[in-house]
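Peer 1: Protein chains in written order, with our numbering: chain A, 1 to 185; chain B, 1 to 498.
None of these hints come from the bench; they were simulated from the model. One or more hints might be untrue.
[As the list claims (entries may be wrong)] Here are the computed lysine-lysine pairs in the DSS-like style, where the Cα-Cα straight-line distance is at most 30 Å:
#1 Lys65(A) - Lys378(B)
#2 Lys250(B) - Lys225(B)
#3 Lys102(B) - Lys64(A)
#4 Lys86(A) - Lys250(B)
#5 Lys287(B) - Lys178(A)
#6 Lys64(A) - Lys289(B)
#7 Lys225(B) - Lys86(A)
#8 Lys289(B) - Lys250(B)
#9 Lys287(B) - Lys65(A)
#10 Lys225(B) - Lys483(B)
#11 Lys250(B) - Lys65(A)
#12 Lys483(B) - Lys289(B)
[Claimed, not checked] If you want the footprint, here are the derived chain B segments under chain A, 3+ residues with CB under 8 Å:
#13 175-183
#14 199-208
Backbone N, C-alpha and C fix where the C-beta goes; we use that ideal spot for every residue, glycine too.
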Amino acid sequence: MGNHRSSDVIEVVFWLALAIIFFAVSFEFNQPIEIYKFGATGWPRVILFLTAVVAIGNFYQAYKKGAVAHKGRVGALDEADAVHYKSFSQYLQTGWLLILPLIYAISLKPVGFYCSTPFFIALIMVAWGERRASFILYNTLIIYGLLLLLFMIVLNAPLPQGNVSPFYDVSASILRAKTQLGQLF
Amino acid sequence: MIENFLTGTATLFGDPFTIGVFVFGVLGGMLFGAIPGVSMLTLAAILLPFTADLTASQGVMLFAVIYCTGTYGGAITAILFNIPGAPENAPTAFDGYPMTRKGLAGKAVGAAVLCSAIGGLASALVMMGATEPLAQWAIMNIGPPEIFALVFFGLAVASSVGGRTIWKGWLSVLLGLIIATIGQDPVGGINRYNFGFTDLAAGIAFVPAILGFFAVSEIFVQAEKRVGGTYSAPVFNVDFPSFYELWAHKFAVVRSIFVGFFCGILPGIGATLAAFMGYGEAVRWSKNKEDFGNGKLEGVISSETANNAATGAAMIPLLALGLPGGALTAMMVAVFQMHDLEPGPLVFYNSPDLIWVVFAAMFYANLSILFIGLIETKTILYLLKIPFQFLAPMILMLASIGAYIGRGLVLDVIVMFVAGIAGFLLRRSGYSIPGIVLGLILGKIGEQNFAQGMQMVHYDLVTYFSRPICTILIIAGVLTLLKSLYSAFYAQTFKSQG
Numbered sequence: 001m002g003n004h005r006s007s008d009v010i011e012v013v014f015w016l017a018l019a020i021i022f023f024a025v026s027f028e029f030n031q032p033i034e035i036y037k038f039g040a041t042g043w044p045r046v047i048l049f050l051t052a053v054v055a056i057g058n059f060y061q062a063y064k065k066g067a068v069a070h071k072g073r074v075g076a077l078d079e080a081d082a083v084h085y086k087s088f089s090q091y092l093q094t095g096w097l098l099i100l101p102l103i104y105a106i107s108l109k110p111v112g113f114y115c116s117t118p119f120f121i122a123l124i125m126v127a128w129g130e131r132r133a134s135f136i137l138y139n140t141l142i143i144y145g146l147l148l149l150l151f152m153i154v155l156n157a158p159l160p161q162g163n164v165s166p167f168y169d170v171s172a173s174i175l176r177a178k179t180q181l182g183q184l185f
Numbered sequence: 001m002i003e004n005f006l007t008g009t010a011t012l013f014g015d016p017f018t019i020g021v022f023v024f025g026v027l028g029g030m031l032f033g034a035i036p037g038v039s040m041l042t043l044a045a046i047l048l049p050f051t052a053d054l055t056a057s058q059g060v061m062l063f064a065v066i067y068c069t070g071t072y073g074g075a076i077t078a079i080l081f082n083i084p085g086a087p088e089n090a091p092t093a094f095d096g097y098p099m100t101r102k103g104l105a106g107k108a109v110g111a112a113v114l115c116s117a118i119g120g121l122a123s124a125l126v127m128m129g130a131t132e133p134l135a136q137w138a139i140m141n142i143g144p145p146e147i148f149a150l151v152f153f154g155l156a157v158a159s160s161v162g163g164r165t166i167w168k169g170w171l172s173v174l175l176g177l178i179i180a181t182i183g184q185d186p187v188g189g190i191n192r193y194n195f196g197f198t199d200l201a202a203g204i205a206f207v208p209a210i211l212g213f214f215a216v217s218e219i220f221v222q223a224e225k226r227v228g229g230t231y232s233a234p235v236f237n238v239d240f241p242s243f244y245e246l247w248a249h250k251f252a253v254v255r256s257i258f259v260g261f262f263c264g265i266l267p268g269i270g271a272t273l274a275a276f277m278g279y280g281e282a283v284r285w286s287k288n289k290e291d292f293g294n295g296k297l298e299g300v301i302s303s304e305t306a307n308n309a310a311t312g313a314a315m316i317p318l319l320a321l322g323l324p325g326g327a328l329t330a331m332m333v334a335v336f337q338m339h340d341l342e343p344g345p346l347v348f349y350n351s352p353d354l355i356w357v358v359f360a361a362m363f364y365a366n367l368s369i370l371f372i373g374l375i376e377t378k379t380i381l382y383l384l385k386i387p388f389q390f391l392a393p394m395i396l397m398l399a400s401i402g403a404y405i406g407r408g409l410v411l412d413v414i415v416m417f418v419a420g421i422a423g424f425l426l427r428r429s430g431y432s433i434p435g436i437v438l439g440l441i442l443g444k445i446g447e448q449n450f451a452q453g454m455q456m457v458h459y460d461l462v463t464y465f466s467r468p469i470c471t472i473l474i475i476a477g478v479l480t481l482l483k484s485l486y487s488a489f490y491a492q493t494f495k496s497q498g
């Protein structure tokens, strides 16, 4: 048996699966380009081949030497700094922290920036373990207010308004109020 | 040159509105660079439509000033929060953030201020004196094979220093290159890997991917530490580095100026590769290589000098050849076009006033980094005192807006958060986020120039390698890879973990 861990197996499977899937999909655009001998697939396939080779090298090292890091390397999180989970609820908590922003991003199109943002800000604070209701309320209002001031009023940046009623109507009324405010000054 | 510079200065400071535009650019670039989650690119994207109301010289000058000060500003977030304001600040975080954790944030930021200013000023001076001859040299000697060779060398350097092991460093760069293949191929325009999403035909936009990999993943890392009970707030400190500390790194500064300028002058390369190469060279020449990544001042100095040295140089291919070196210089091309101008050799003859106003503005913008930067730094360090449960949603929101504004696509916000989750998982497993981002940025440039180079030499490798600059860079890249491979297999350079 080698010195590798189960995570090393997951990693090599991930990289090889990525290379194989992308290689398979490359047949969809495997058209010749008249002015270029290697076509649209040449470059990606070389990269995928190298990925597969390096992934095997990565696993080989883990198999031979186990969990080791080369000295003097930068840009990655030190394993010593990694969090070690003690309970299933911690996994759930981290999972929720990762998924929550994604839910917000997906909701932007139907709900829009103006309606979804305050809820997202508050939920993020709760997910971070904040339980003081007044802290959450005040800080949500401060952050939301600052964002509106900077991007809506000062920079006049176009932000998603949503396309589902009543969210779209709320966004439209906020923008109308901003226009009326602008006319006053 | 001096006469032209004085004329440019007089034009810049002779009109109150132009002064206002200059000051706005200086402060805006610094501010947007230093706010975690947004960057100078966010500001530039927002301002682009408004430049139609400015004169051509005001518009181009504004973007040039934002480029200089924003490149510096991005170092602040890299050092304080491990969130580089722009890709060119990524290597700054390698040592800057560990310095913050050690309570040396003031020293790191102080060094960034000074070295950004020195790098930028040196670059601006060379740019003023040598734009035309350098452009001529570049036209004669630099073609697609040389650019591809430099991309190869840069990726070899990035993969050799990033990641927990050499294999993970390479895989990080390769993942970036894979992501860069999404969208139309640069030769025939054939759609690749769009998986049915029409918005992906244009590829993965840099800004959302960069925000996701850097800013969002760092928030997730901190959040996880909070869940695991290992979170500790960064240590607040405003002690600047002493003169002697900085003087000890004079050779690193000079070396990084050369590296930054050389990378910046090459079309399509920009400041990102300059910063990585500056950092890589610092590691290569150091006697204490193991100290890099653990909070070594020289790491911050090398990266910040090189990326700001590239800002002036990046204007040379833009102004002389009409070729942008990065996202912000590409937006400058749009500013030119809005005013019915085309950047290129003719701009020196048709609009000399514009050129010298821009040159003068860049010089003074770099000078202002030194003065305003020092004052701003003392203030901005107080960001470390803000509770992270307040800062985290703020950064996530700013990043969401920053990702959305570039193209007005919600898909980009989704891409950003997906990149954030991927970045979080990859960092946990020891992969290098800066390596991924460099692969993503240079992937398309590398492919395009490889294809053009191959067409140029009719697929004859002997002709390809008969170009000396190209050959030297390719050999340097191969040697870098071989040396790191040797270390991985034979040299006793392992440290036990886990």
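Peer 1: Output the indices of the hints that this structure fails to meet, ascending.
Peer 2: Of the numbered hints given earlier, those the structure breaks are 1, 2, 3, 4, 5, 10, 11 and 14, listed in rising order.
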